[in-house]
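J.: For reference, the chains in residue letters:
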Amino acid sequence: MTPPGRPDLSPSTPAPRPDPTRRDVLRQGGLAAAGALVLAGGLELISRRPGGRPEAVATTPGLPARVYTGPYDTKEPVSALADITGYNNYYEFGLDKSDPARYAGALKTRPWTVQIGGLVRKPQTVDIDTLQSWFPLEDRLYRMRCVEGWSLVIPWMGFPLAALLRRLEPMSGAKYVQFISLADPKQMPGVRDPVLDWPYQEGLRLDEAMNPLTLLAVGLDGKVLPNQNGAPLRLVVPWKYGFKNIKAITHINLLAEMPKTTWSTAAPDEYGFYANVNPAVDHPRWSQATERRIGDLGRRDTLAFNGYGQEVASLYTGMDLRRNF
Amino acid sequence: MVPATAIGALLPLLVLFADAFSGQLGANPIQRSEQQTGVLALSLLLLSLATTPLRLLAARVNVRLLWPAKIRKTLGLTGALYAGVHLVIYGLDKGFNPLGLLSDAVKRPYITVGLTALILLIPLVLTSRKDSVKRLGFERWQRLHQLSYLIAALGVLHYWWSVKKDHSGPLLALVVLLVLFGVRLLLQRRAKRART
Chain A
1 MTPPGRPDLS
11 PSTPAPRPDP
21 TRRDVLRQGG
31 LAAAGALVLA
41 GGLELISRRP
51 GGRPEAVATT
61 PGLPARVYTG
71 PYDTKEPVSA
81 LADITGYNNY
91 YEFGLDKSDP
101 ARYAGALKTR
111 PWTVQIGGLV
121 RKPQTVDIDT
131 LQSWFPLEDR
141 LYRMRCVEGW
151 SLVIPWMGFP
161 LAALLRRLEP
171 MSGAKYVQFI
181 SLADPKQMPG
191 VRDPVLDWPY
201 QEGLRLDEAM
211 NPLTLLAVGL
221 DGKVLPNQNG
231 APLRLVVPWK
241 YGFKNIKAIT
251 HINLLAEMPK
261 TTWSTAAPDE
271 YGFYANVNPA
281 VDHPRWSQAT
291 ERRIGDLGRR
301 DTLAFNGYGQ
311 EVASLYTGMD
321 LRRNF
Chain B
1 MVPATAIGAL
11 LPLLVLFADA
21 FSGQLGANPI
31 QRSEQQTGVL
41 ALSLLLLSLA
51 TTPLRLLAAR
61 VNVRLLWPAK
71 IRKTLGLTGA
81 LYAGVHLVIY
91 GLDKGFNPLG
101 LLSDAVKRPY
111 ITVGLTALIL
121 LIPLVLTSRK
131 DSVKRLGFER
141 WQRLHQLSYL
151 IAALGVLHYW
161 WSVKKDHSGP
171 LLALVVLLVL
181 FGVRLLLQRR
191 AKRART
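Each protein sequence line maps, in turn, to chains A and B. Take the first sequence: its position 78, counted from the start at 1, is 78 in this note's numbering, and no numbers get skipped. Take the second sequence: its position 114, counted from the start at 1, is 114 in this note's numbering, and no numbers get skipped.
The hints are simulated quantities; they were obtained by calculation from the structure and are not laboratory data. Every residue, glycine too, gets a C-beta built ideally from N, C-alpha and C. Hints are not guaranteed to be accurate.
Derived list of chain B stretches under chain A, where covered just means 3 residues or more per stretch with a C-beta under 8 Å from a C-beta of chain A [unchecked claim]:
no. : region
1   : 23-34
2   : 90-99
3   : 108-121
4   : 158-166
Sample of chain B residues facing chain A (criterion: CB under 8 Å; computed from the structure) [stated by the list, open to error]:
no. : residue
5   : 4
6   : 7
7   : 132
Between the sequences and the hints, there should be enough to build the whole structure, so can you do that?
T.: Right, here's the structure in full:
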């Protein structure tokens, strides 16, 4: 109310706002709901990683469980096959853990030849099926520890690398074994991304290669190795971090000099040539003291040499394993 | 507007819970949910930081947008919530072992940075109440909440240092943060000059 004597400056009483009609309310509600969905959808798009556990490898019912009671087999329970074949680091097929299971089907594993050369008396190019026929295949149940801090127990099938190397007769100057993988951008979409220097390369010292644990794997759980696990030929060195276990091998060479390895080239202060599993030597950015066994909720202590110290520690006596990481 | 924003921002959390209970999070559910909540926290924080530049850009073309300012708080608070969930999952990952957590915070730079960002969020969350501006005075309140740029930057660094090789996510976050900061700086300077 204006006080007496003062001019009336109050605005004229505005017309009362009509009550919102039902249509207004619905429109407001609809817009709000649409807004909420747009926000939620956008957030999901940005943050979601493909999930699920593809049943990429079906277990055949009725067949007896394979036997893993040899001196090199672990007594720990084998990991779920769905995890072994669905949770893979194989950047040639994409950076996500579920990409290899999704895209590795495009890889043609036959015909496949392995070129063997370097300082051997019997260099040759051999067809994979012929190579496989040279040696009796063994089942080995090994732990595998990824440098990222997770691990699996995997039922490999293959033959010792030592058997192949003995057959090739390495020359006296040979000190290292080099492995090279396939890098075909037509079959492997990830190869078009220069995230790593393709083709993937790895190497072992000759005595590491000759160790009875070192395997060339051609199968998993008694069946042919799935593509996402490194078919048709894959290296298994269970006391080293997973990235040393090169997949889809096309070349094996015996060398006098230490070969360069892909991850060590990509980040030399983070990934070394030896890459022995070692809880006492951390990755520069994260701890290596514990790991998650896939399938477990909690973490467990990481073991020196991934628990294979009895078989391999003698290879490194006197070596500074912090400098030679 | 505010409830819709809150619901939209929290729907991914519900989906994450549902996925966790139905075993849809893959072979490493803790790592997956840790990573997703982290990205959601940073995304919402960046969205909150985008509201003022958006309003300023619209004003430059004589469009008056009122809704960005209205949802700014909701976006920031839900982002802080996701950061809290992210911390809890990380604690779970370490078995809530206090020695392990402390050792990580001190020895791993990416954890130090992430923890700092989270701690800095606390005073911002506590001063998000309706009367906070009045109690602090606008200038002090505004300066405190400008910390959100630092928090976002620390979040980006934490993200960058935590990935093995795929830097695409952290790079995108960095670019967005720089653009938002740049736009805000530029347009506020112009607005100030126009007023004087």
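J.: If a hint holds in the structure, say so; if it doesn't, say that too.
T.: Okay, the hints, checked on the actual structure:
1. 23-34: That given contact holds, which follows from 9 residues of the region 23-34 of chain B lying within Cβ reach (below 8 Å) of chain A.
2. 90-99: holds (count 3)
3. 108-121: holds (count 3)
4. 158-166: Holds, because 5 residues of the region 158-166 of chain B bring their Cβ atoms closer than 8 Å to Cβ atoms of chain A.
5. 4: holds, 4 Å
6. 7: holds, 5 Å
7. 132: With a closest approach of 25 Å, the residue 132 of chain B hint is violated.
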